[in-house]
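Participant: Position one of the sequence shown corresponds to residue 1 (the UniProt record's numbering), numbered consecutively onward.
I should point out that these hints are in silico values taken from the structure, not numbers from a laboratory. Built from N, CA and C at the ideal position, the CB exists for glycine as well. What you were told as hints is all true, and nothing was included just to trick you.
Pairwise CB distance ranges, derived in the manner of DEER restraints:
(1) D36 with R4: 36 to 44 angstroms
(2) R113 with E204: 14 to 22 angstroms
(3) H61 with R212: 28 to 36 angstroms
(4) H173 with G25: 36 to 44 angstroms
No farther apart than 25 angstroms at their CA atoms in a straight line, the calculated lysine to any residue pairs in the SDA-like style are these:
(5) K116 with T47
(6) K68 with R113
(7) K150 with H84
(8) K116 with V87
(9) K159 with E123
(10) K116 with I70
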Amino acid sequence: MPNRDYHQERREYEYTELTRDSLHGNPFEQFNAWMDEAMRAHIMDPTAMSVATVDSQGQPHSRIVLLKEIDETGYVFYSHYDSHKGVEISHNPLAALLFFWPQMDRQIRIEGRLEKVSRQQSEDYFHSRPRDSQIAAASSNQSQVVAGRKTLEQNFALKGEEYQLTDIPCPEHWGGYRLVPSQFEFWQGRANRLHDRFIYFIDEHQHWDIERLSP
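Construct the complete structure from the given sequences, taking the supplied hints into account.
Facilitator: Right under this line is the structure:
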């Protein structure tokens, strides 16, 4: 297979600047401000984020999931607890989130520790989902090898028939994770690769502090 290079694949970042004076003192508020702006700009899938975890051998893994809730302590997404990511989290709860909005030349990195949300919270969200999504979650052994697409569709159909006349219970192996942040980085692309980067971190007094980083 011949080598390929993408040396000339580049563009300038000219959407806007990010200054220290424009930042909120609380990173949750800064995140909300940027998310609201992304929503108003009709960015496709603004809640999509990369979730990076590490397995017991030190091998990192990442995948895209959807942010579903923000509460006073963190950022919540939902998954199968016995999936690959669930097993990795059980071994090492430290993780990182990444939001990337190229139309706005922006990234947000969030690092912290994952914890399970309450069972009630998981069940409440599960039952708010479309019924077919509930069936899919209940019928899938996420991350396990499957013989083919037909097997998935058969399992889906069987589970739908099983609960045709009743509510679908939230599986015990399915629920939410909350990332409790210890650090945020807000990245704004700028011309000539002189990007604006600011981190929020918890200081010795357990307050959020802010510093600018070199691009």
